[in-house]
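Chains as they are written, first to last, in this note's numbering: chain A, 140 to 334; chain B, 68 to 409; chain C, -18 to 375; chain D, 196 to 444.
These are calculated hints, taken from the structure and not from any lab test.
Just so you know, these numbers come straight off a predicted model, no measurement behind them.
Accuracy of the hints is not assured; some may be wrong.
Now the stretches of chain C that chain D is said to cover, found in silico as 3 or more residues with beta-carbon under 8 Å [what the hints assert, rightly or not]:
(1) 21 to 31
(2) 218 to 230
(3) 344 to 355
Lysine-lysine pairs mimicking DSS-like chemistry, simulated, CA-CA at most 25 Å apart [claimed, not checked]:
(4) K58(C) <-> K186(C)
(5) K148(A) <-> K164(A)
(6) K302(C) <-> K187(A)
(7) K164(A) <-> K58(C)
(8) K148(A) <-> K385(B)
(9) K169(C) <-> K312(A)
(10) K279(C) <-> K186(C)
(11) K186(C) <-> K296(C)
(12) K315(A) <-> K186(C)
(13) K186(C) <-> K410(D)
(14) K302(C) <-> K315(A)
(15) K58(C) <-> K410(D)
(16) K302(C) <-> K148(A)
(17) K400(D) <-> K58(C)
These stretches of chain D come out as covered by chain C in the derived footprint (C-beta under 8 Å, 3 or more residues) [unchecked claim]:
(18) 222 to 232
(19) 260 to 274
(20) 320 to 327
(21) 381 to 390
Glycine is no exception: its CB is placed at the ideal position from the N, C-alpha and C atoms.
The primary structure of each chain is shown beneath.
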Amino acid sequence: MPQLPGLLKGLGVTARTAARTLFPKRGIRTLIPAPQQGSVTVQYPHEKEAPPDRARGVIALHEENCTACMLCSRSCPDWCIYIEGHKVKAPPRRAGGAVRSVNVVDRFDIDYALCMYCGICVEVCPFDALFWTPEYEYSEPHIADLLHDRIRLSEWMETVPEFLDYEPGSEQKVRKVPEFGTDDFAPARKLEAGS
Amino acid sequence: MTDLLGLAYWAETSIKLGVALIVIPTAALMLGYLFLLKMMAFMQSRLGPQDVGPYGTLQLIADAVKFLQKEDIHPAAADRRVFRAAPVVVLASSFLLFVVLPTGPDAVVENLDTGIFYAMAVSSLSVLGVLMAGWASANKYALLGGLRAAGQLIAYELPLILAVMGVVIQADSLNLQQIVRAQAEGEIFGFGLIGNPFILTQFVGFLIFMIAAQAELTQTPFDMPVAETELVGGFHVEYTGFRFLLFFMAEVATAFAFSALATVMFLGGWWIPGFDFDAPVLNVLGPVVMLVKILLVAFIIFWIRFTYPRLREDQLQKFAWKVLIPLSLANIVVTGIFKVVL
Amino acid sequence: MSPPPTASALREQQAYVAAQAADARVNVELDTGDMTLNIGPQHPATHGTLRIACQLDGEQVISAEPLMGYMHRGYEKLCEVRTYPQCTTLINRIDWLGSFANEVPFILAAEQLMGVEAPPRAQWIRTILFELSRIANVSLFLGDMGVQVGALTPVFFAFRDRERVLNQIEEVTGGRFHPNFDRIGGLKDDIPRGWIAETHAVMAKMRGFCDEMEDLLMGNEIFQTRCRSVGVIPGDVALSYGLSGANLRASGVDWDLRRDANPGLAWDQVDWRVWTHPDGDSFARYWVRLQETREATKIVDQLLDGIPSGPIMAKVPRIIKVPAGEAYVSTENPLGEMGYYVVSKGGLGPFRVKIRTPSFSNISVVPWVMRGTYVPDIITILGSLYFILGDIDR
Amino acid sequence: MADDTGDDQADGAAAPGDEARDALAAELSELLGDAVVESHVEAGQNLWLRIDIEHWHAAMSALHDAGFAYFGFLSAVDWTDAPEGRYEDTEFDAAGVGEEDDEASSATAEETVRRGGGETRFQLLAQLHSPARHVAVLIKADVPEAASSDGSSAPASVPSIIDVFAGADWHEREAHEMFGLVFDGHPNLAHIYLPTEFEGHPLRKDFPLLARAVKPWPGVVDIEEIPPELEAQLEAEVMAEFEASGAGT
Chain A
140 MPQLPGLLKG
150 LGVTARTAAR
160 TLFPKRGIRT
170 LIPAPQQGSV
180 TVQYPHEKEA
190 PPDRARGVIA
200 LHEENCTACM
210 LCSRSCPDWC
220 IYIEGHKVKA
230 PPRRAGGAVR
240 SVNVVDRFDI
250 DYALCMYCGI
260 CVEVCPFDAL
270 FWTPEYEYSE
280 PHIADLLHDR
290 IRLSEWMETV
300 PEFLDYEPGS
310 EQKVRKVPEF
320 GTDDFAPARK
330 LEAGS
Chain B
68 MTDLLGLAYW
78 AETSIKLGVA
88 LIVIPTAALM
98 LGYLFLLKMM
108 AFMQSRLGPQ
118 DVGPYGTLQL
128 IADAVKFLQK
138 EDIHPAAADR
148 RVFRAAPVVV
158 LASSFLLFVV
168 LPTGPDAVVE
178 NLDTGIFYAM
188 AVSSLSVLGV
198 LMAGWASANK
208 YALLGGLRAA
218 GQLIAYELPL
228 ILAVMGVVIQ
238 ADSLNLQQIV
248 RAQAEGEIFG
258 FGLIGNPFIL
268 TQFVGFLIFM
278 IAAQAELTQT
288 PFDMPVAETE
298 LVGGFHVEYT
308 GFRFLLFFMA
318 EVATAFAFSA
328 LATVMFLGGW
338 WIPGFDFDAP
348 VLNVLGPVVM
358 LVKILLVAFI
368 IFWIRFTYPR
378 LREDQLQKFA
388 WKVLIPLSLA
398 NIVVTGIFKV
408 VL
Chain C
-18 MSPPPTASAL
-8 REQQAYVAAQ
2 AADARVNVEL
12 DTGDMTLNIG
22 PQHPATHGTL
32 RIACQLDGEQ
42 VISAEPLMGY
52 MHRGYEKLCE
62 VRTYPQCTTL
72 INRIDWLGSF
82 ANEVPFILAA
92 EQLMGVEAPP
102 RAQWIRTILF
112 ELSRIANVSL
122 FLGDMGVQVG
132 ALTPVFFAFR
142 DRERVLNQIE
152 EVTGGRFHPN
162 FDRIGGLKDD
172 IPRGWIAETH
182 AVMAKMRGFC
192 DEMEDLLMGN
202 EIFQTRCRSV
212 GVIPGDVALS
222 YGLSGANLRA
232 SGVDWDLRRD
242 ANPGLAWDQV
252 DWRVWTHPDG
262 DSFARYWVRL
272 QETREATKIV
282 DQLLDGIPSG
292 PIMAKVPRII
302 KVPAGEAYVS
312 TENPLGEMGY
322 YVVSKGGLGP
332 FRVKIRTPSF
342 SNISVVPWVM
352 RGTYVPDIIT
362 ILGSLYFILG
372 DIDR
Chain D
196 MADDTGDDQA
206 DGAAAPGDEA
216 RDALAAELSE
226 LLGDAVVESH
236 VEAGQNLWLR
246 IDIEHWHAAM
256 SALHDAGFAY
266 FGFLSAVDWT
276 DAPEGRYEDT
286 EFDAAGVGEE
296 DDEASSATAE
306 ETVRRGGGET
316 RFQLLAQLHS
326 PARHVAVLIK
336 ADVPEAASSD
346 GSSAPASVPS
356 IIDVFAGADW
366 HEREAHEMFG
376 LVFDGHPNLA
386 HIYLPTEFEG
396 HPLRKDFPLL
406 ARAVKPWPGV
416 VDIEEIPPEL
426 EAQLEAEVMA
436 EFEASGAGT
């Protein structure tokens, strides 16, 4: 049979929450209603929540680093990365050198309709060509439009945040994100084949 | 009354009708916005609607427009005529309730001598509509909801009426204006400034009335006929578009009407302490006072709704028959004894 | 509060009521007939696409048979064509509310076969994330149970506070729901700076949430009336149906794989206790889960303070090939015993993965426990057994 | 039940030498007598018992009475190799199977794989816990194949154990639809996940996984080589350009 305390306590909890939501401010300004601060919801199109830096929002491609080695495509559990490439001849790095043969990426598509956001491709990439970015606003009205090509993927490179520092006690090394548009960072780029 | 402004009967009636047609949807919208949208949101650390109108005030109007645009769908096996009539019956019941609610010395649609009796009678009509909806939908969930509503009606009409009996005995009248007057002219141990709101002498009656009203309105903890998580909406599961809108409006408008009844019977109604009971100015101030009190009572109704889980049908019946009805009978006996002795 | 009737007495009582009802039907010439009510596949109480076909006499349940498979994704088959790292992506999606906890037993099974052990720092962080996913998962139950019995507000509180835990998980793993963070031999990455302090704060908030739930829902007399003596599962029945997790402990069986069969994670390094409740009813299940959420916040707090320093990855070849053999590892997941029976023939991927999910066994008791109850009790019992549909259907 | 984690660890899975499991294996072999064909202990991990299929039901109820009353799961393994493999062909895949199996015949290789041994294609697999002893056993049984009327072979029927463990009900139904095993004495051996009219047994290795078969693996694409006849010409062109630009000097 109903006893008062439990029922009243419940009413207390809801009333307290309502009061905290409506009057979150302390001190003199207590009585100014400010539900915008008191509530936990974010009014999405007007204001946006910043996802954590590590958030796996979308995969960005640093095209200069890509050698079309197919590792990511082959390790993708969903078979959603399509790569095509061809070899070209490139001039030698310095005078007297031999002509090099270089891989050029013709197609690098990720089908985000299939992608499960597991990040295996980013991990297996030996040349630092793929990066996660927290960017999330790329929904499309048609499922076929979720197939994004290398140009779109490269644009997202701008949104890649710096890698975070670690807690003390960690032995991990903090990695660096290559700067967008420069090609000073490309140690293994244009994998030299045949020379 | 009829010759208050020297108007003909038809003219006065159409004015009253016009006022009622404005007041009822406005009341429903106001309660819906204040409590169903905003207060619930705040109790859940949310903001509620923000985009339609300032602070989302026009959200419900936008919703109503949306409902009106929707297709009016009947289940193939439904009993069409009954199916269509059901929401109208429910809404009519809450419209009829507003007829006797006094908001000032003359501001009342019809000052019936048996006002409270009439109010109790028409409020039960809504269950008929619910039963019709449950039966005619040709849906098992709706049927279960309708039957639950019927069971609930019998269990809760009784304590509701018995709770009112205490007030009627104390006020010596079934007329709602007379009940307000009895409270205004009453005094507490010789102190008559604020009159004698019956909530003080009839506190048990007030509690029973509020509990029974909660069941009558099918609000949590007695919302088994609707029971979203069990019956997926119960009797109105098959309704869409404007017929669903009618159900929704009726629900909120009835909550408003019952809050008004509680105000009239227990909180002193429209009378303001210090004023002469028949002062014409109360025709203007009375409604405002009423509104404040109504919102207070409605706040409690919705506060409980957002806090409590719901009972099971058999537990509700047990509670009604084993606790509420004996308690309200005892309340009548005690009130009667005091009435005779004092 | 009166002591609840013993389980067997209650069963007898329910059986008696059902028999009486059946008698009444036979004796009265006007046979009313039973009604079949399909709860689901689209129904708010089944949070997913479970269907329960009930035979009703009035509002009393004569029989209830869960029918599932609407979301069967065939993960056991899919795992057979994937490599070990690729499998964790799938396994994440079995119990989508506690996904990190899903990865752990699979990875541990693969590690057992390879003879690799993750370094201590990795084991500690694994345990922390494991318990965080337990909190994220069970706190939703704590609110959701309110909705099942008709209270609107608790679930919003649950979503509000669970979000904080999900944020912590996301800050480390990059995924709110599907971390995919566990690797054979360790973890994908280490924890970012400042995370430990933040998590401490979140744990304090979660304990506040538990208190709030206790005041708002568990202490509420209406809630107790709805849940006490409803859906009583005695201990021996629970064992024979293979119930696990809080459902088993609420039936009075003191069994927790974290303590009883710890596969190497850091639970034995901290001070905590296993909660049991003797009643075996829906209320007991709620009570046990609430206590466990509190306990989990304490475990996380203690673990956060003692993370050993060191590497997070053992020496593992870049291309993982698991030697031939069989291994079964199970852990105490938020929903109960989650185990993977991994058979390897020495290839890149598993030869066969049998996924023993907790909800599958937990829900198998439904036909037994629902007989003789009422329609609202179906919802209460389903809610209190707490299943995730992906966990039933795999 | 309090924080006595230390004590329980002793007989838990972490014990290194695992005398406990060895002793248990011996004890259970004695208890079950002829029924046990073979047992296998993986130190600190698990204990396997292989039971003669004839004694399946008797052994399970004996284990139940011996305290292994907590039902874990029941399933099966199909030990044949899938004809399509993983639907991908990487060099690692080939190497993976090849290394171990090069010399030995596939039959002997399989024996080293199977913990507790076994010869037949289908093997029944179950797990039981003992809540008192805090230890679990994995129980296996070979399911022989019998030739059915239409000439193909089908696994012989197995006695159902629902009367011992009520929870085995759904697990047996799942094994039935996924592997085509038949459980004698099961009251309702209907599909549990799949539609009623579904044909085939998806977890058998010869059941193709259509999701993989309908789409080509994107990994088969390889980088396009320069045609050999053009190679010299291109090289000369690039070199000429390089020298003309003056970078060479």
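Hint check results:
{"no.": "1", "hint": "21 to 31", "result": "violated (count 0)"}
{"no.": "2", "hint": "218 to 230", "result": "holds (count 6)"}
{"no.": "3", "hint": "344 to 355", "result": "holds (count 3)"}
{"no.": "4", "hint": "K58(C) <-> K186(C)", "result": "violated, 41 Å"}
{"no.": "5", "hint": "K148(A) <-> K164(A)", "result": "holds, 24 Å"}
{"no.": "6", "hint": "K302(C) <-> K187(A)", "result": "violated, 44 Å"}
{"no.": "7", "hint": "K164(A) <-> K58(C)", "result": "violated, 56 Å"}
{"no.": "8", "hint": "K148(A) <-> K385(B)", "result": "holds, 24 Å"}
{"no.": "9", "hint": "K169(C) <-> K312(A)", "result": "holds, 13 Å"}
{"no.": "10", "hint": "K279(C) <-> K186(C)", "result": "holds, 12 Å"}
{"no.": "11", "hint": "K186(C) <-> K296(C)", "result": "violated, 38 Å"}
{"no.": "12", "hint": "K315(A) <-> K186(C)", "result": "violated, 35 Å"}
{"no.": "13", "hint": "K186(C) <-> K410(D)", "result": "violated, 49 Å"}
{"no.": "14", "hint": "K302(C) <-> K315(A)", "result": "violated, 30 Å"}
{"no.": "15", "hint": "K58(C) <-> K410(D)", "result": "holds, 17 Å"}
{"no.": "16", "hint": "K302(C) <-> K148(A)", "result": "violated, 58 Å"}
{"no.": "17", "hint": "K400(D) <-> K58(C)", "result": "holds, 9 Å"}
{"no.": "18", "hint": "222 to 232", "result": "violated (count 0)"}
{"no.": "19", "hint": "260 to 274", "result": "holds (count 8)"}
{"no.": "20", "hint": "320 to 327", "result": "holds (count 4)"}
{"no.": "21", "hint": "381 to 390", "result": "holds (count 5)"}
Checked against the numbered hints given earlier, this structure breaks hints 1, 4, 6, 7, 11, 12, 13, 14, 16, 18; the rest are met.
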